[in-house]
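Colleague: Given next are the chains, with one letter for each unit.
Number of protein chains: 2
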Amino acid sequence: MPEFLTLLPPQESLDKLLRNLPVPKLATEKIETASALGRIIAADLGAPHALPEFPRSTVDGFAVKAADTYGASDSLPAYLNLIGECPMGATPDLEIISTTTAIIHTGGMLPKGADAVVMLEYTQTVDNEIEILRAVADGENVIRIGEDVAQGALIKPKGSLIRPAEVGGLMALGFVDVEVLKHPKIGIISSGDEVVPPEKRPHPGQVRDINSYTLATLVEKYGGEAIVYGIVSDSMDAMKKAISRALDECEMVLITAGSSASSRDMTAAAIEALGEPGVLVHGVNTRPGKPTILGVCDGKAVIGLPGNPVSALVNGYVFVAPLIRCLLGQDAAELRPSVSAKLTVNIPSQAGREDWIPIKLKQDSDSFLAEPIFGKSNLIFTLVAADGLLKIAPDATGLSAGEIVEVIFL
Amino acid sequence: MPEFLTLLPPQESLDKLLRNLPVPKLATEKIETASALGRIIAADLGAPHALPEFPRSTVDGFAVKAADTYGASDSLPAYLNLIGECPMGATPDLEIISTTTAIIHTGGMLPKGADAVVMLEYTQTVDNEIEILRAVADGENVIRIGEDVAQGALIKPKGSLIRPAEVGGLMALGFVDVEVLKHPKIGIISSGDEVVPPEKRPHPGQVRDINSYTLATLVEKYGGEAIVYGIVSDSMDAMKKAISRALDECEMVLITAGSSASSRDMTAAAIEALGEPGVLVHGVNTRPGKPTILGVCDGKAVIGLPGNPVSALVNGYVFVAPLIRCLLGQDAAELRPSVSAKLTVNIPSQAGREDWIPIKLKQDSDSFLAEPIFGKSNLIFTLVAADGLLKIAPDATGLSAGEIVEVIFL
Chain A
0 MPEFLTLLPP
10 QESLDKLLRN
20 LPVPKLATEK
30 IETASALGRI
40 IAADLGAPHA
50 LPEFPRSTVD
60 GFAVKAADTY
70 GASDSLPAYL
80 NLIGECPMGA
90 TPDLEIISTT
100 TAIIHTGGML
110 PKGADAVVML
120 EYTQTVDNEI
130 EILRAVADGE
140 NVIRIGEDVA
150 QGALIKPKGS
160 LIRPAEVGGL
170 MALGFVDVEV
180 LKHPKIGIIS
190 SGDEVVPPEK
200 RPHPGQVRDI
210 NSYTLATLVE
220 KYGGEAIVYG
230 IVSDSMDAMK
240 KAISRALDEC
250 EMVLITAGSS
260 ASSRDMTAAA
270 IEALGEPGVL
280 VHGVNTRPGK
290 PTILGVCDGK
300 AVIGLPGNPV
310 SALVNGYVFV
320 APLIRCLLGQ
330 DAAELRPSVS
340 AKLTVNIPSQ
350 AGREDWIPIK
360 LKQDSDSFLA
370 EPIFGKSNLI
380 FTLVAADGLL
390 KIAPDATGLS
400 AGEIVEVIFL
Chain B
0 MPEFLTLLPP
10 QESLDKLLRN
20 LPVPKLATEK
30 IETASALGRI
40 IAADLGAPHA
50 LPEFPRSTVD
60 GFAVKAADTY
70 GASDSLPAYL
80 NLIGECPMGA
90 TPDLEIISTT
100 TAIIHTGGML
110 PKGADAVVML
120 EYTQTVDNEI
130 EILRAVADGE
140 NVIRIGEDVA
150 QGALIKPKGS
160 LIRPAEVGGL
170 MALGFVDVEV
180 LKHPKIGIIS
190 SGDEVVPPEK
200 RPHPGQVRDI
210 NSYTLATLVE
220 KYGGEAIVYG
230 IVSDSMDAMK
240 KAISRALDEC
250 EMVLITAGSS
260 ASSRDMTAAA
270 IEALGEPGVL
280 VHGVNTRPGK
290 PTILGVCDGK
300 AVIGLPGNPV
310 SALVNGYVFV
320 APLIRCLLGQ
330 DAAELRPSVS
340 AKLTVNIPSQ
350 AGREDWIPIK
360 LKQDSDSFLA
370 EPIFGKSNLI
380 FTLVAADGLL
390 KIAPDATGLS
400 AGEIVEVIFL
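Just so you know, the protein sequences line up as chains A and B, in that order. Counting from 1, position 370 in the first sequence corresponds to residue 369 in numbering that gives the first Met the number 0; the numbering is continuous, with no gaps. Counting from 1, position 158 in the second sequence corresponds to residue 157 in numbering that gives the first Met the number 0; the numbering is continuous, with no gaps.
It is worth saying that the hints were derived from the structure and are not from the lab. Treat the hints loosely; a few may be bogus.
Put simply, identical chains are the same to the list, so a pair is met inside one copy or across any two.
Straight-line distance between alpha carbons at most 30 Å, and here's what the computed DSS-like set of lysine-lysine pairs gives [unchecked claim]:
#1 LYS361 - LYS157
#2 LYS199 - LYS111
#3 LYS184 - LYS24
#4 LYS341 - LYS390
#5 LYS15 - LYS390
#6 LYS157 - LYS359
#7 LYS181 - LYS220
#8 LYS29 - LYS181
#9 LYS220 - LYS15
#10 LYS361 - LYS24
#11 LYS220 - LYS157
#12 LYS359 - LYS155
#13 LYS390 - LYS111
#14 LYS157 - LYS15
#15 LYS359 - LYS341
#16 LYS155 - LYS220
#17 LYS361 - LYS155
#18 LYS239 - LYS359
#19 LYS184 - LYS220
#20 LYS220 - LYS29
#21 LYS289 - LYS64
#22 LYS199 - LYS29
#23 LYS361 - LYS390
#24 LYS359 - LYS220
#25 LYS341 - LYS289
Just so we're clear, the structure is a prediction, and the values are computed from it rather than from any experiment.
All chains, full assembly: derive it from the sequences and hints.
Modeller: So, in structure tokens, the structure goes:
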């Protein structure tokens with residue numbers, strides 16, 4: 000069959016895979032909020048009480064009845080009697096009635112009867128008499144009860160990422176524990192008779208396993224738990240056994256094929272044999288990454304990535320990252336951190352194919368220059384040297400020097 | 000003293016602090032490369048051997064002497080005798096001499112005598128005779144010895160962040176362990192008589208400690224280790240004792256003041272008392288964050304952040320993150336992940352002051368809309384609801400609806 004009939008573009012390939020996957024079952028666990036950075040909230044959380052629970056001053060100054068200050072100015076101050084000081088961290092045991100005031104500190108609880116605070120800067124103290132030099136409106140310089148969050152309000156919907164701000168919001172309401180989604184387990188299998196574990200000194204003709212580790216850290220980066228199954232020999236039996244075990248133990252399975260065509264074909268055959276519907280996409284119209292295989296075995300995604308380490312990692316970003324997001328109840332598409340930069344040279348590209356080019360960023364006064372790192376697509380050090388990747392869309396025939404492009408961080 | 004004479008803009012404040020800090024001593028530790036995602040390489044690493052160590056084919060095809068193919072075309076093929084197949088993962092025990100060829104797979108080691116590979120697609124096999132339909136140049140479809148990395152070449156300079164690509168590069172060369180910088184210890188002290196631990200139900204007038212936890216997760220996010228010392232009462236003795244202990248045990252100390260002016264003044268006095276040169280900046284021309292205090296005690300940065308949780312967290316991003324980067328041997332300035340978006344409304348701003356506005360992003364066909372979240376600056380849920388922050392530079396008097404702005408992710 001001619002190749003151009005069989006290769007789908009990456010986005011279409013991913014969409015086809017996603018259509019064949021069930022809605023993921025999201026396992027949850029309760030963990031300490033203080034350790035929840037980067038995790039995903041598992042259930043909608045309502046505020047158990049209002050925040051704040053009492054009216055608080057936002058400034059240092061004097062608690063007043065706003066009406067007592069109306070018309071006050073430098074030339075015509077309002078005069079109020081000082082009746083005390085509001086303590087920090089406790090209910091003030093005093094009451095503001097007309098023509099009286101009390102000292103209050105930022106964050107302090109408003110005393111009974113007060114409805115506003117005049118900033119210290121707009122007052123003068125003469126013995127026990129306070130001159131108010133500026134009027135305040137009802138509620139001015141005060142946080143009302145529930146102004147931060149009302150009782151029962153949704154704090155943050157399920158599926159939200161926990162950042163430092165969320166940790167703060169949860170702690171403010173007393174949630175010292177939080178129900179989060181478990182890290183989905185992603186099984187990683189390497190194959191290839193030429194591949195040896197990294198701790199071994201390779202013999203001539205052998206290379207160390209890179210892909211198990213680049214993919215494991217990619218999985219970790221995107222919130223999955225990598226289960227590394229090691230290197231499986233290029234035999235159909237061994238391959239089927241390894242994938243089958245990984246399918247039992249994990250939510251998704253990644254296989255980096257040995258780099259030969261026969262090894263890739265074996266991956267596809269194993270996926271076909273191990274569950275329905277089997278291989279959905281065999282070959283993607285992208286560079287690097289053409290030999291990528293996308294399949295589903297009885298509800299679980301199985302991805303066959305090329306043995307070439309650049310291809311495996313780039314297509315990890317393209318296919319594996321969105322699938323982990325789905326397993327965490329997120330949109331497959333993410334807002335990938337990127338930076339705008341000016342391309343330094345022309346880059347040719349074949350129409351109909353999506354290209355991913357490693358880019359080195361250079362600072363150029365206030366902006367960035369994007370310098371492509373050319374080199375054969377199987378050199379891992381082209382990615383080690385790169386700051387990010389530039390995607391050339393399938394409908395482009397290349398990019399021109401001077402164009403402003405988006406470089407996606409690696 | 001008039002306020003405008005004493006308040007420095009944030010960048011100037013940070014620069015002043017940095018000028019008063021010694022070059023940090025960077026402690027190191029050896030860890031497994033497989034667990035090193037996000038860590039910083041501690042020492043320049045040279046390649047112990049070339050990568051690859053043998054010439055490898057990048058395609059499936061036939062190993063040849065390039066000269067044998069010169070002039071070959073569909074109409075005038077070159078004819079070569081097939082003498083065998085190169086095994087995967089071992090040295091081929093055959094030699095290519097003129098007019099002979101051998102099957103080779105992607106990633107396979109080139110046999111002796113061969114200097115190029117012809118892709119399978121450009122050949123035809125007739126019994127033991129291979130028709131070569133296209134010429135190849137010397138080295139074509141081959142990765143040369145050391146083409147990925149030459150022996151002794153610098154893999155990655157010290158100070159580099161370890162991403163999935165670096166994990167791959169290290170593993171490729173057999174570095175299963177790697178020397179990385181230790182997480183610098185950042186001490187965090189909360190104060191304020193109104194503040195209670197988050198597991199406690201606050202009485203009227205009390206609030207839960209938020210700042211210890213937002214700052215601890217911010218520290219974690221930027222590669223530090225947070226040491227949380229809890230809540231210290233608003234007394235000079237207790238404050239000095241706590242800061243002094245934290246200075247002994249940590250590389251930097253953060254104090255979030257009680258929200259009252261007297262509590263802030265106490266922080267400054269404690270910093271002055273505990274080491275030289277003491278307080279360098281007392282008040283920063285930014286909103287939120289005006290009461291921020293920057294100091295150095297005998298070579299260690301001590302930062303007094305406002306008690307207001309929004310101010311503490313925003314100024315954590317502004318001041319604490321760059322200082323942790325310095326403690327990790329990085330440039331203080333970082334390329335903060337951001338996204339361009341179109342502002343939905345006018346935002347006024349006071350000239351001379353740097354403003355930080357919480358922003359909610361909304362998708363608008365292909366682009367983003369930046370919708371400011373207005374609200375008193377002490378409401379933590381304005382940050383919980385925000386996707387990022389918008390900085391309004393001190394020399395601006397505001398931004399206009401429709402302007403394209405950079406929103407920095409929280």
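Colleague: Does each hint hold? Answer for all of them.
Modeller: Do the hints match the structure? See the list:
In the homo-oligomer, the alpha carbons of LYS361 and LYS157 lie at most 30 Å apart only across protomers (19 Å), although the nearest pairing inside one protomer, at 40 Å, exceeds that limit. For the identical chains of this complex, LYS199 and LYS111 are inter-copy neighbours only, at 25 Å across copies versus 75 Å inside a copy, given an alpha-carbon limit of 30 Å. In the homo-oligomer, the alpha carbons of LYS184 and LYS24 lie at most 30 Å apart inside one protomer (12 Å), although the nearest pairing across protomers, at 39 Å, exceeds that limit. Taking the shortest Cα distances, LYS341 and LYS390 sit within 30 Å of each other both inside one copy (14 Å) and across copies (24 Å).
Taking the shortest alpha-carbon separations for LYS15 and LYS390, only the intra-copy value of 21 Å comes in at or below 30 Å, while the best inter-copy value is 41 Å. For a Cα distance limit of 30 Å, the shortest separation of LYS157 from LYS359 across copies, 18 Å, qualifies, whereas the shortest one inside one copy, 38 Å, does not. With identical chains, the CA atoms of LYS181 and LYS220 are at most 30 Å apart both within one copy (14 Å) and between copies (20 Å). Proximity of LYS29 to LYS181 under the C-alpha cut-off of 30 Å is found in both arrangements, the shortest distances being 9 Å within a copy and 29 Å between copies.
Proximity of LYS220 and LYS15 under a CA criterion of 30 Å is satisfied intra-copy only: 25 Å inside one chain copy versus 35 Å between copies. For the homomeric pair LYS361 and LYS24, the shortest alpha-carbon distance between copies (28 Å) is at most 30 Å, but the shortest distance inside one copy (44 Å) is not. In this assembly of identical chains, the alpha carbons of LYS220 and LYS157 lie at most 30 Å apart whether taken from the same copy (21 Å) or from different copies (22 Å). Taking identical chains as interchangeable, the C-alpha atoms of LYS359 and LYS155 lie at most 30 Å apart only when they sit on different chains, with a minimum of 14 Å there against 38 Å within one chain.
Proximity of LYS390 to LYS111 under the C-alpha cut-off of 30 Å is found in neither arrangement, the shortest distances being 63 Å within a copy and 39 Å between copies. Proximity of LYS157 and LYS15 under a CA criterion of 30 Å is satisfied intra-copy only: 26 Å inside one chain copy versus 43 Å between copies. For the identical chains of this complex, LYS359 and LYS341 are neighbours both inside a copy (11 Å) and across copies (28 Å), given an alpha-carbon limit of 30 Å. Taking CA atoms no more than 30 Å apart as the test, LYS155 paired with LYS220 passes in both settings, with 23 Å inside one copy and 21 Å between copies.
In this homomeric assembly, LYS361 and LYS155 come within 30 Å of each other (Cα to Cα) only across copies, at 17 Å, whereas the closest approach inside a single copy is 39 Å. With identical chains, the CA atoms of LYS239 and LYS359 are never at most 30 Å apart, being 40 Å at best within one copy and 48 Å at best between copies. Both within a single protomer and between protomers do LYS184 and LYS220 lie at most 30 Å apart by alpha-carbon distance, with minima of 13 Å and 23 Å respectively. In the homo-oligomer, the alpha carbons of LYS220 and LYS29 lie at most 30 Å apart both inside one protomer (21 Å) and across protomers (21 Å), since each shortest distance falls under that limit.
For the identical chains of this complex, LYS289 and LYS64 are inter-copy neighbours only, at 28 Å across copies versus 73 Å inside a copy, given an alpha-carbon limit of 30 Å. For a Cα distance limit of 30 Å, the shortest separation of LYS199 from LYS29 across copies, 19 Å, qualifies, whereas the shortest one inside one copy, 40 Å, does not. When the C-alpha separation of LYS361 and LYS390 is checked against a cutoff of 30 Å, the pair qualifies both within a copy, at 18 Å, and between copies, at 24 Å. For a Cα distance limit of 30 Å, the shortest separation of LYS359 from LYS220 qualifies both inside one copy, at 21 Å, and across copies, at 24 Å.
Taking identical chains as interchangeable, the C-alpha atoms of LYS341 and LYS289 lie at most 30 Å apart only when both belong to the same chain, with a minimum of 28 Å there against 37 Å between chains.
Going through the hint list in order, the structure does not satisfy hints 13 and 18.
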